[in-house]
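Participant: Listed below are the residues making up each chain.
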Amino acid sequence: MTFELETASDPARLKRIVIEPVTRVEGHGKVTLLLDEDNRVHQARFHIVEFRGFEKFIEGRPYTEVPVLVQRLCGICPVSHNLAASKAMDVIAGGVPPPPADKLRRLMHMGQILQSHALHFFYLSSPDLLFGFDAHAGKRNIAGLVADFPEIARQGIGLRKYGQEIIRMTTGKRVHGTGVIPGGMSRNLSAADRDELLAGIDQVVRWSLQAVKLIERIFGEHADLYGSFGFYRSSFMSLVRDDGAMDLYHGGLRAKDDKGQTIFDHVDYSCYGEYIHEEVKPWSYMKFPFIRSHGGEAGWYRVGPLARVNNCDFIPTPLAEAERRIFRDFNGGSAAHATLSYHWARMIEMLHSAEAIHELLHDDDLLSDDLVNTGERRLRGVGVIEAPRGTLIHHYHINEDEQIVRANLIVATTHNNQAMNEAIRQVALQYLDGQQLTEGLLNHIEVAIRAFDPCLSCATHALGKMPLEVELMNAEGTRVQRLVKDPDGRCQA
Amino acid sequence: MNEARAAAAGVSRKIRIATCSLAGCFGCHTSLLDIDERLIDLLGMVEFDRTPFTDIKHCGPCDIGIVEGGVSNAENARVLGEFRKNCKVLVAIGPCAITGNVPALRNDISLWDCFQEIYLYEAGAEGRQIPNDPELPLPFDKVYPVGEVVKVDYFLNGCPPSPDVIWKFLVDLIQGREPELDRESLRYD
Ligand code: SF4
Chain S
2 MTFELETASD PARLKRIVIE PVTRVEGHGK VTLLLDEDNR VHQARFHIVE FRGFEKFIEG
62 RPYTEVPVLV QRLCGICPVS HNLAASKAMD VIAGGVPPPP ADKLRRLMHM GQILQSHALH
122 FFYLSSPDLL FGFDAHAGKR NIAGLVADFP EIARQGIGLR KYGQEIIRMT TGKRVHGTGV
182 IPGGMSRNLS AADRDELLAG IDQVVRWSLQ AVKLIERIFG EHADLYGSFG FYRSSFMSLV
242 RDDGAMDLYH GGLRAKDDKG QTIFDHVDYS CYGEYIHEEV KPWSYMKFPF IRSHGGEAGW
302 YRVGPLARVN NCDFIPTPLA EAERRIFRDF NGGSAAHATL SYHWARMIEM LHSAEAIHEL
362 LHDDDLLSDD LVNTGERRLR GVGVIEAPRG TLIHHYHINE DEQIVRANLI VATTHNNQAM
422 NEAIRQVALQ YLDGQQLTEG LLNHIEVAIR AFDPCLSCAT HALGKMPLEV ELMNAEGTRV
482 QRLVKDPDGR CQA
Chain C
2 MNEARAAAAG VSRKIRIATC SLAGCFGCHT SLLDIDERLI DLLGMVEFDR TPFTDIKHCG
62 PCDIGIVEGG VSNAENARVL GEFRKNCKVL VAIGPCAITG NVPALRNDIS LWDCFQEIYL
122 YEAGAEGRQI PNDPELPLPF DKVYPVGEVV KVDYFLNGCP PSPDVIWKFL VDLIQGREPE
182 LDRESLRYD
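From first to last, the protein sequence lines are chains S and C. Under the numbering used here, the first sequence has 47 at position 46, and the numbering climbs by one with no breaks. Under the numbering used here, the second sequence has 33 at position 32, and the numbering climbs by one with no breaks.
Source of the hints: derived by calculation from the structure; they are not laboratory data. C-beta: ideal position from N, C-alpha, C; glycine also. A hint or two may mislead.
Claimed, not checked - Derived DSSO-like pairs (lysine-lysine); straight-line CA-CA distance at most 27 Å:
hint, chain 1, residue 1, chain 2, residue 2
1, S, Lys174, C, Lys169
2, S, Lys16, C, Lys58
3, S, Lys31, C, Lys143
As the list claims (entries may be wrong) - Here are some chain C residues pointing at chain S (derived, C-beta under 8 Å):
hint, residue
4, Phe27
5, His30
6, Glu118
7, Asp134
Hey, can you work out the whole structure from these sequences and the hints?
Facilitator: Here it is, written out as structure tokens:
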């Protein structure tokens, strides 16, 4: 562990290198490095610099509105927030969704996993993997992919499109649709849409399998680089089904430590607060969660595809399960810890989601009208799902007037906060320490961050206090606003 | 020969587009990607400058700049200024950029209350403190629409605007026509 690189002892003496914005990720983040005159790295930090305050401003809103409102946390995985919030609202509305609604939600969610993983792999990360981490910056993007690997690009676009179409058909829109309501769904899938999806699914499964094979081949060809790049060991947390299977929509929380020993298992997620605490550090708006029994120093963990593929006992679809076994064998029969293993695990999950869609599409329940249940109103609800990037927790309290009085959200990227910092520190030590820094070397830092597929706008909660004064001018050069922060962090206009 | 000259002239032959996300959810960018295979056609007509999908960190001289999201902190204001300075045509895409939208729901509450609650009072929070590092840009007390800070040439509404609307709008602009959207496509949700 490299906590020693978190804070340099003598920052004033060091030179500052900044990577801003971190590109080919969603949202706003930056990395700062502090180096001495021999370019030795003394400090490396990944900062989340945006503020939203969602948890505060949804207070007072009617609870039924929240699943639609919280989608606007993230336009890449709106379905995740919609579903996690809706699961919490199911509890509050007292209605367990009937099986057809549960299956429609699972279909949506699998479409979401498919499109999000395809976006991340093909549009954002594959240029690093196919061109090399220090390839020319002008090449490392989707345009480079389209030019040099047109068939891979075409499949990536097609996979993402298929996932997005599932979302459109189940919610009315590709981004920020409305199909899910407390206690169930407000719409089913039309037979025509079902048939259209059925016509395309075999190709989607085939392309997904090819994507797993592609990343497997890249790992095989560069085993040393991919195994050692930003390597460290950590704990992992994810949901698993009752029988230990991978289940991205529902289950109990399981955490294993860096040696594979169980920390907790099949935990009822509504008690998440007994197992996870969060720490605040002054240099990032994103909090640092940790497993309570292990404490702040040792209790951090990773979530997301790597955690889920490592943690589950099996994947309940055959092709993805076969790929999981190959992946595990590649890692000596135990959990994979290498940072870049995230890419491989992500593609195994994409294949799983394609297979799961295939299975669901043959179930006529998707066309059923039995879509909502209601029951006895409760005042507290927790909803958890495995979003594309990892465990997503939504927790709400309402009052007798059905208004939100308190909300707590822990998004996937927040769980990975310490892990991402750890990864950039390892990479800084491995590749940058003592070197003349080049654009290509700095991209290595971003390659490590991208492996996690962070969603930084999801991850943003609130505000900081800096001894600063800022003026906002309008087009005519007139001052719109001037702000000063006093030492107590109070903002004054 | 002509081709060689075009190659020598390099970048300047194609329309150059920059995009950025300020205080938005990235959904407008998602909708841009939802043009699906037409992305390949688009790449035949334009090249990207700074966007979240390229590794160009600062906006250079461009024909079209597309801004998603409102202005919520000093860094947003800086990036927006850079876009206005470098882009011949500046487009505000989606209600976050046009009015502030959901992020602007915080405009009615005090920031101080907000960060106290989130960083100081929340159960399970350790090391209670409010992040205060100089690396964090100063948040403004309110989220401002892009048009209150710089001159905007076009506003493209919809949360997010549909991929077809984005496509039609961009193709018109790229081909030098005044963008025109029919009534049917002017729906905002
Ligand atoms: S306008 Fe809508 S889709 Fe666009 S960034 Fe804002 S919330 Fe997201």
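Participant: Next item in the hint list is Phe27(C). Is there a CB on chain S closer than 8 Å to its CB?
Facilitator: holds, 4 Å
Participant: Need the status of pair Lys16(S), Lys58(C): alpha-carbon distance at most 27 Å?
Facilitator: holds, 20 Å
Participant: Under the criterion that the straight-line Cα-Cα distance not exceed 27 Å, is the pair Lys31(S), Lys143(C) satisfied?
Facilitator: At roughly 23 Å apart (the allowed maximum being 27 Å), Lys143(C) and Lys31(S) satisfy the hint.
Participant: For the pair supplied as a hint, Lys174(S) and Lys169(C), is the alpha-carbon distance within the 27 Å limit?
Facilitator: Holds: Lys174(S) and Lys169(C) sit about 18 Å apart, inside 27 Å.
Participant: Given His30(C) as an interface hint, is its Cβ closer than 8 Å to any Cβ of chain S?
Facilitator: holds, 7 Å
Participant: Against chain S, is Glu118(C) within 8 Å by beta-carbon distance?
Facilitator: Status holds, d = 6 Å.
Participant: Can the hint on Asp134(C) be confirmed by a CB-to-CB distance to chain S that is less than 8 Å?
Facilitator: holds, 4 Å
Taken one by one, the earlier hints all hold for this structure without exception.
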